[in-house]
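J.: Here's the letter readout for the chains.
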Amino acid sequence: MRSTLLAWVTGIGLVLLLNSLIVACSTESTTPTGSPQAGGTPGPARSTLLSTIQGRGQLICGVNDQLPGFGNVDAAGKYTGFDVDFCRAVSAAVFGEPDKVEFVPVKSANRQTAIQSGEVDMMSRNTTWTLTRDFEWGAIFAPTTYHDGQGFMVKTARNIDSIEKMDGASICVLSGTTTELNLADAFRARNLKFTPVVFDNDDATYAAYDQGRCDVVTSDQSSLISRKSTLKAPNESAILDQVISKEPLGPLVSQSDPVWADIVRWTIDSLIYAEERGITSQNVSTFASTQDPDIKRFLGGEGNLGQLMGLAPDWTAKVIASVGNYGEIFDRHLKPLGVERGLNDLYTKGGLMYSIPFR
Amino acid sequence: MTSLRDHHDQTRPPFWRDERIIRIVLQALFLVAVAVGLSILYRNMVIGLAKAGLDLGFDFLKNSANFGISEGIPYTPADSYFKAFIVGLVNTIWVSVVSIVLSTIMGFALGVARLSSNWLARQLASGLTEIFRNIPVLLIIIYWYQAVFLGLPQVESGFSLFNMAYFSQRGLAYPQPDVILLPTLVLMVLVGWGSWKLLQRWRPDLNERWAGVISLVGALLVAGLVWAFSGRDPFALDVPKMVGFNLQGGGQISAEFLGILLGLVAYTGTYIAEIVRGGFQAVPKGQREAARSIGLSEMNAFRLVIAPIALRSIIPSLNTQYQTLIKNSSLATAVGYPDLFGVGSIIVNQSGKTVEVFTMIMLSYLALNLLVSLGMNWLNERVKLVER
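Each protein sequence line maps, in turn, to chains A and B.
Numbering (the working numbering) for the first sequence: 84 to 442.
Numbering (the working numbering) for the second sequence: 87 to 474.
Worth flagging that the hints you see were computed from the coordinates, not collected in a lab.
A quick note: this is a predicted structure, and the numbers were derived from the prediction, not measured.
From the three backbone atoms N, C-alpha and C, an ideal C-beta is built for every residue, glycine too.
Careful: at least some of the hints might be erroneous.
[As the list claims (entries may be wrong)] To list a few chain A residues with every Cβ distance to chain B over 10 Å, as calculated: (1) R194; (2) R216; (3) F277; (4) E319; (5) V422; (6) P440.
[Stated by the list, open to error] Partial selection, computed: residues in chain B whose CB lies under 7 Å from chain A: (7) K137; (8) F168; (9) I172; (10) G330; (11) N435.
The following block holds chain B by itself, in its conformation from the complex (with noise of 0.2 Å):
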């Protein structure tokens, strides 16, 4: 090879046998091929679409959309068919969104217990590992659904915790703390913390247990203030009760949502605890060693030796096990979850709107993966190796 190069610098051949424009003159074609089909596709797709009277446009959006959705942010048959698509976009970040989270945590953990020196630990791990990686996710998503979900008991009849909380084949049901808890808790934190750092700046003579029960008291008051000026109780519990035939009030958890999110966390769970696995077994054995020479103890050459390097290979694996995760969402239809791809199917079904709709919905699972594909390589260009 090296002689034959050698060759061509000294005589250059003739342009058409030269490689280096051979290459620019092909990736030229290929370009213009390219072009060349897409907007025969294009121009086909227009053809097609006048042929049987249709045309382009994205004022339908308006319209009212007529049709009921189970779940997600507030929203009436009467709204249009773009707070619909909107409806089932957040949707579908919501359920990526806690997947991603829950995978994550049970991907390490699998995949961390795989690797333990306890034998039951590493038995049950590589169990469900394999069992669950080897199975479609669709018939995952369906099994959770199907057999586990709708095969609970009835809602007048579910598992219920204290009368609080209730447990049936439509989901969970559980006690919703007032909106207002969170802010007046906070409140109550800062001041009755910050009445106890001025206490004990301003008079270190008190006695340390009275400083405690004022700035306690203080705190009380916040709560009461906020009660007696908002007019509801902070602390106040929406508990789910059987009104007709469903549980209303609470916080609801549907089965569907359950369902999509166990299948999902099961599937991407056990891939991500095989990338965790590699990514721990390709530390070369010498830095273990090497943290543990110069005194480090187990636990800390583990996190601050071992995990870092690890950490450089399961980074940008786990980007892609995230974007296999958001598109496997859209098999949330088959247990009717109304995520993006069903609210969507539905909408170019009741519009017409095929080539529109499906343009949005395609543009909009570019834009979610796109988002995590730049979070994920900030979080790998934070943990690569430093060079110097």
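If we strip away everything but chain A, and leave its shape as in the complex, we get (with noise of 0.2 Å):
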């Protein structure tokens, strides 16, 4: 009997144990602001997650592990890619070394759930940035990182040149993307059928429509090219000129903390700023005597962006030192893959990339 009792009095204890660390849970998460960290660097910018995050002294990513290029696990099982190079970059920013990330790989139809659950401090997986997700999904999109469009890859031998002859096929597609959607009213507004074969990873989805399960496959024009390469036969597949969507994709974090969110927004236009000034990770450190007052700003030398973030006065230099500028990251995982810059380039080379000043 007094082991009953013992037991009963463990499993309250344990339920009011778990109950007050809640309740410290719940309190923190109502305040968004918090006090300025007591030593640290005085200024306006008080992101409560950036000193969690300082706090714990790891990022957490939220990444695609499924996409050569983009986001994979290399041979040594490191995660690599573009997608996940902005990760580092944040990870430069808070920390001053890229390798302060912990990546979790998440599924298309997850980031949702991850995103709203704080599971992860921010999102850098192909997502395109839509107003229901905006809203819906209660997110914040950083910076376009690239400007891409759905697009369909079909077996050759199929005949097919366009969407107007998929009618009555069969298409893999990944779940809870808007490619999903995109797919049926495509479909829709033709007045064709088709039979989704829906999967909610990668390489499920390309898997089967490797196999011939289906006909064609749909998804962003980048996870096409990312994924033919790993085709057992690239040469009998083709993927079509015909693009029937907008896909800006880029990373997002939860809108519960719009100064994070900011930080990550200027993480990722610092890549895009310093290829416009011609800044690579191999000549940032000869710009330290530099007279160029708007460069000499960008990288700390001088005024306080780095502190109105809450960030340290080099952050810049120590995320172009780390991954280089955004062309660096493009030429490294994209150009093997034969993608071009395209819409990509700078504004200044007919692209749309483009940095908000920094000043």
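Each of the two chains sits in its own frame; use the hints to bring them together as a complex.
T.: Next up, the structure:
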């Protein structure tokens, strides 16, 4: 009898302990802007999440682990890719070094819950910026890092060269994506029928297409290019020229901490700005003695831009030195896949990449 | 212990040491703790949602879903989220019901085979059971889908049976009879059998062969009338044909459905086999001997004595297996079968309504499992020992 009593008492003790923990969490989360950290740099930027991340010593970043070039795990077990490097850039901004990141693989269909629940501090995982996601996911999107459009990959043996010839086709598509919605819209608009074959991860989707379960696979052009190289016989598939949507892809964070969202936003912009000004990972140190006031301010040699954000004065220099500027990231991961800069070139070169002024 | 209790009865301890009172107080405290815990979780959720600028509400269910679903009851992307949810729910019920029926059949066959005196049957059954029982069900499902079904020939070169039924990596396509075939057949049997009976009563002198012919003509007349008045051929077959890229028409069972179905059946069937074996082994040897000694044949002893006793221990465990199967059916997502969980997750993602949709999904699974429980308890009552 004594043992049952003991069990009850421990049980209740546990529940109470849990409750006090939950209370602690909930009171913390009710105050979106905490007090400035004691001993930290005083200033207007007060991101609770930033201090949480700094206290934790690690940034938690949701990424794709199945999209070579954008986000996947290499032979050494290390996360690598275009999207992955934006996590590293933010880590460099926050910690001064790029590798203080814990990568969490997130499926397309789980992105929303990962953002809403605070499971990840930020998501950098080929995610299209849409109005619904902005509001219903409770998300804030960082600047677009890749301007994409939805396309189709087909087996060349099927002789399909346009959507109009896809009536009755089986089409592989990822669940919970804008691609899934655009696909239904495109076929509805043309009064065509299709059978969606829907999976919740890239590997299953492209495996099904590769084996012939589907006649067509649809996704963002970038994904198609990335996965085409991994098919059993890449030459027997072709990516159509027809593009049916705009897919601005970029990192996102929860809108519960707008100051943190600003930090991510400006980190991304710093990458583009660095390319605009010709600052690279190779030459960034040579700019220490620059007399150009704009660059001096950008690299923290003048003014208080870093301090405003709650970051170190030389945060941009650390970011560029760690991952390079936007163009370097692009060339490192996407050039080998054969992706052209196109829309993703700087605005000065006919593209859409444009940084907000650092002043 | 008894001496202690006697002592209690004589002099009652103060209430803070009275075991009965302590128990009640602890229960009450526990309930309060649970209630407080739940309310804090709820409060936390509401605060979290408000902070992210989100609110709770089910109005979105009326909105157009805008995504496609590959199979199930008729649905188009223009239908509402609610309709999409129902499609998923019906698909879950459909795959669960078929799996339950097939795994029960497989389980009983394997279980009995393992007890059989035939060496080969026994070894085969135990081999199968041990293989499928010890592999995670998700692996079995993915194995069936990716290795077996996706490994089949492509749709244009699939196996064909007299150019009527086709089996390819897209699944099974078979000729489907017209919808009015079944009602017509029932009507024909009723008319034929009825006229045969009536003829026998009214004209007992009539030659049996003639009575048969007249009944047959009556039945055929029904078919002719249906044909003439409904404008449809009740015996017409809708045969699948290759149109464009896919087989169209006829009945179609997708590879995704077959993958999840066979996965669930192989896994649950072997568990049921063990339950069946245990149930039969639990029947005391004396029961069979007694049944045989009162002159029942081996078959009758099994049917009338052993099986009813075994069922008493089998049915409660079957209930658990059926419920596990229903929950496991949510693994359908792995092979792209649009079940409740799969479609639900898409709705969550496309509408952004996490809390609402997951609540709906949980309640649906709960309701399905309670229904199964109810049915099985009813069955259990029926086979329970009748105590006099």
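J.: Next, verify each hint and record whether it holds.
T.: For each hint, the structure was consulted:
Not every C-beta of chain B lies more than 10 Å from that of A:R194, the closest at about 7 Å, which undercuts listing it as non-interface. With a cut of 10 Å on Cβ distances, A:R216 falls inside the contact zone with chain B, its closest approach being about 7 Å. A:F277, annotated as away from the interface, has a beta carbon of chain B within 10 Å; the closest lies near 7 Å. Remark: the non-interface label on A:E319 is consistent with the geometry, its nearest Cβ contact in chain B lying 12 Å away (cut-off 10 Å).
With a cut of 10 Å on Cβ distances, A:V422 stays outside the contact zone with chain B, its closest approach being about 27 Å. Distance check for A:P440 against chain B: the nearest CB is about 29 Å away, which clears 10 Å, and the non-interface claim stands. The beta carbon of B:K137 comes within 5 Å of a beta carbon in chain A, closer than 7 Å, and the hint placing it at the interface holds. Interface restraint check for B:F168: the shortest CB-CB distance to chain A comes to about 17 Å, outside 7 Å, so the restraint is violated.
The restraint placing B:I172 at the interface with chain A is violated, with a minimum CB-CB distance near 17 Å, outside the 7 Å limit. For B:G330, the suggested interface contact is upheld, since its CB lies about 4 Å from the closest CB of chain A, less than 7 Å. Hint on B:N435 holds. Least Cβ distance to chain A is approximately 3 Å, under the 7 Å limit.
Of the numbered hints given earlier, the model fails hints 1, 2, 3, 8, 9; all others are met.
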